[in-house]
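Using full-length UniProt numbering, the first residue of the sequence shown is number 1, and each one after it goes up by one.
It is worth saying that the hints were derived from the structure and are not from the lab. Each residue gets a CB set at the ideal place from its N, CA and C atoms; glycine is no exception. Honestly, I wouldn't trust all of these hints.
[As the list claims (entries may be wrong)] Listed next, with one range per pair, are the computed distances between beta-carbon atoms:
1) T4 to R182: 29 to 37 Å
2) L170 to K72: 33 to 41 Å
3) L163 to A51: 13 to 21 Å
4) S206 to R182: 21 to 29 Å
5) S18 to W84: 35 to 43 Å
6) T4 to I180: 14 to 22 Å
7) I180 to L117: 21 to 29 Å
8) S183 to P152: 40 to 48 Å
9) L171 to G10: 17 to 25 Å
10) L5 to L174: 15 to 23 Å
11) G10 to Q149: 30 to 38 Å
[To be verified] List time: in silico DSSO-like cross-link candidates among lysine-lysine, alpha-carbon distance up to 30 Å:
12) K114 to K178
13) K178 to K33
14) K72 to K209
15) K36 to K72
16) K128 to K33
17) K36 to K176
18) K128 to K36
19) K72 to K178
20) K36 to K209
21) K209 to K33
22) K72 to K176
23) K209 to K176
24) K176 to K114
25) K36 to K114
26) K114 to K128
27) K33 to K72
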Amino acid sequence: MFSTLVTIAGVHIIALASPGPDTFIVMQTAASKSRKEAMMCVVGITVGVAAWAAVSLLGLQWLFDQFAWLHKTIMLMGGIYLGWMGFKIMKSSLKASTSATADSSLGTQEAKSKPFLTGLFTNLANAKALVYFSSVFALFIRPDMEWTQSFPIFLLVITETFLWFSFVGLLIGLPKPKRIYRSAGKWIDGACGAIFGVFGGGLIYSALKE
């Protein structure tokens with residue numbers, strides 16, 4: 001069991017470190033807002049990963065085998081969401097800095113929960129997460145696996161996810177990266193929005209092609 005956990009830990013950190021929507025949204029939030037908001041985004045991503053891991057342990061691949069349309073629907077909805085996120089980020093990059101300052105002063109509960117929801121929905125819409133948990137991660141799951149074996153895997157995955165993205169958020173939230181963002185934030189946001197658009201468009205194309 002220990003060797004299985006070590007293998008999963010290695011595979012999962014490689015999956016986390018590869019660039020994707022989750023990484024870009026944490027970096028963008030940490031650079032443009034505060035570390036606290038970046039951490040709320042990280043918590044949202046971690047909850048999303050927990051949901052993917054739980055469903056995978058319960059039989060995600062079996063579910064897709066039984067209901068082929070479900071996989072296509074999830075990909076299509078995820079693509080639409082990522083495309084919409086890309087549009088919002090690119091649109092915000094065109095706003096004046098004074099507008100951004102006014103937005104950052106909002107102290108409502110809705111404003112406080114926004115980074116969490118953004119992280120959560122970005123992860124749930126992430127094609128990389130869908131493919132990873134339905135194929136690569138599923139290779140380590142046996143149908144006869146007991147909860148005493150599956151629960152440590154579940155804990156490992158969500159802990160590793162939280163620690164990795166916390167590291168990314170705290171690193172990008174340092175003064176120097178934030179200064180770079182203040183001087184080139186418009187272009188960084190534009191690039192981030194374009195990347196989200198590419199991810200979303202690719203996901204929609206793949207869903208319609210199936």
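Hints, one by one, checked against the model:
1. At roughly 46 Å, the beta-carbon separation of T4 and R182 lies outside the given 29 to 37 Å, and the hint is violated.
2. Evaluation of the 33 to 41 Å hint for L170 and K72 yields a pass: the beta carbon distance comes to about 38 Å.
3. Checked against the hint of 13 to 21 Å, the pair L163 and A51 passes, with Cβ atoms roughly 18 Å apart.
4. Checked against the given bound of 21 to 29 Å, the beta carbons of S206 and R182, roughly 37 Å apart, lie outside it.
5. Distance hint for S18 and W84: a CB-CB separation of about 23 Å, inconsistent with the stated range 35 to 43 Å.
6. Here the CB-CB span from T4 to I180 is close to 41 Å, at odds with the stated 14 to 22 Å.
7. Judged by the Cβ atoms, the range 21 to 29 Å given for I180 and L117 holds: they are separated by roughly 27 Å.
8. Taken as a hint, the range 40 to 48 Å holds for the pair S183 and P152, whose Cβ atoms sit roughly 45 Å apart.
9. Judged by the Cβ atoms, the range 17 to 25 Å given for L171 and G10 holds: they are separated by roughly 22 Å.
10. The hinted window of 15 to 23 Å between L5 and L174 is violated, with their beta carbons roughly 32 Å apart.
11. Evaluation of the 30 to 38 Å hint for G10 and Q149 yields a failure: the beta carbon distance comes to about 18 Å.
12. With a C-alpha separation of about 20 Å, the suggested pairing of K114 with K178 holds against the 30 Å cut-off.
13. With a CA separation close to 9 Å, the supplied pair K178 and K33 stays within the 30 Å bound.
14. Distance restraint check for K72 and K209: the Cα-Cα separation of roughly 9 Å lies within the 30 Å cut-off, and the hinted pair is therefore satisfied.
15. Restraint check for K36 and K72: not satisfied, since their Cα atoms lie roughly 35 Å apart, outside the 30 Å limit.
16. This hinted pair checks out: K128 and K33 have alpha carbons roughly 25 Å apart, not beyond 30 Å.
17. As the CA atoms of K36 and K176 are separated by approximately 17 Å, the hinted pair is consistent with the 30 Å bound.
18. At most 30 Å may separate the alpha-carbon atoms for a hinted pair to count; K128 and K36 meet this at roughly 26 Å.
19. Annotation: proposed proximity of K72 to K178 is violated, straight-line Cα distance about 39 Å (limit 30 Å).
20. Only pairs whose Cα atoms come within 30 Å are accepted, and K36 paired with K209 is rejected, the gap being roughly 40 Å.
21. For the proposed pair K209 and K33, the alpha carbon gap of about 38 Å is over 30 Å, so the pair is violated.
22. Note on K72 and K176: the hinted pairing is violated, with a Cα-Cα distance of about 42 Å set against a maximum of 30 Å.
23. Note on K209 and K176: the hinted pairing is violated, with a Cα-Cα distance of about 44 Å set against a maximum of 30 Å.
24. Using a Cα cut-off of 30 Å, the hinted pair K176 and K114 holds, with the two alpha carbons roughly 25 Å apart.
25. Distance check on the hinted pair: K36 and K114 sit about 12 Å apart at the alpha-carbon level, within 30 Å; holds.
26. Between K114 and K128 the CA atoms are separated by roughly 23 Å; this keeps the pair inside 30 Å, and the hint holds.
27. A C-alpha spacing of about 34 Å is found between K33 and K72, which places the hinted pair above 30 Å, so the restraint is violated.
Going through the hint list in order, the structure does not satisfy hints 1, 4, 5, 6, 10, 11, 15, 19, 20, 21, 22, 23 and 27.
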